[in-house]
Amino acid sequence: MNKKNTIEEEIQKTLAQFDNAERLPSNPYFYTRVKQRIDERKKTHRTFFAVLKPATLALLLLINVSTVTWYLNGSTTTSVDTKSELAEILSGDLNLEVEETDLFNIE
Amino acid sequence: MHLDFQAIVETNQDRVRNTCFRFVNNLEDAEDIAQEVFVQVYESFSHFREEAELSTWIYRIAVNKSLDFLRKSKRKKRFGQMVSLFGFGEEEEEIRIPSSSNPQRELEDDERKQILYMIIRKLPENQQTALTLSKLEGFNNKEVSKIMEMSLSAVEALMFRAKKNLEKKLRSYFEKEKT
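One line per chain: the protein sequences are S and W, in this order. Residues 1 to 107, numbered by our numbering, are exactly what the first sequence covers, in order. Residues 1001 to 1179, numbered by our numbering, are exactly what the second sequence covers, in order.
There may be inaccurate statements among the hints.
Computed list of lysine-lysine pairs in DSS-like fashion (alpha-carbon distance at most 25 Å, straight line) [said to hold, decoys possible]:
#1 K1122(W) / K13(S)
#2 K4(S) / K1178(W)
#3 K4(S) / K1169(W)
Computed footprint of chain W on chain S; a stretch qualifies when at least three of its residues, placed anywhere within it, have a C-beta under 8 Å from a C-beta of chain W [unchecked claim]:
#4 23 to 32
#5 61 to 73
Derived from the structure by calculation, the hints contain no laboratory data. Backbone N, C-alpha and C define an ideal beta-carbon position, used for all residues, glycine too.
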């Protein structure tokens, strides 16, 4: 019984510490520190984008140039000057007979 | 909305620092978290909805950051225990004594305070938050409900469960101590 009472007393004394919770002493440099952190973040952010922006632009330019070069060099289109040449190519591709080829020669 | 950031920091810093300290129980960590709270306030001020109270929003950030810190510490501690299990490193101590210990306070009361904080940290996260905000930081239930984004009745029920749970855990702690 005595032990139980002692425990209950301890619990109450411990719970009473809610009222004795001490406050932190105020920090006069707190705002300065926060501002410093914000400025550091901004600086890092700026440096990152200062490097990233030209690098991205250069990369985009490179992609554009290489796409155009690839397009111009790798073009497989056949230039056709006359209708008869076109008919010849088409008949070759489609395995047409000579008389069927005439169908393309529409004047 | 005009942002007078310096005024916002100066008005809320003490309560934010103390709230963080109640959770992490270490002055340096609390200062660090509190600074991060205001950095986030500065960076995400555009996301702040004006229908909510500014201070409520700030304290919510403080609670979330403190809980994040505790979760990370727990993970680190678990990893540390795992490492020490294999014979590397040393086990972290269970109770962290606050750096700002007041020598004038009685040793007994200090010990009880440490026990109280230690047991509060063993409660489920939402009970821990409600008790810390209400009993240690002096927010009323309505303010706690706004910070925790819960209804008033839910906070009242939570507080009731938290107190019961705290008493139960204290009882079992002292019973073990006395044996």
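A quick look at each hint next to the structure:
1. K1122(W) / K13(S): 19 Å, holds
2. K4(S) / K1178(W): Roughly 10 Å separates the two Cα atoms, so the pair holds.
3. K4(S) / K1169(W): Roughly 15 Å separates the two Cα atoms, so the pair holds.
4. 23 to 32: holds (count 7)
5. 61 to 73: violated (count 0)
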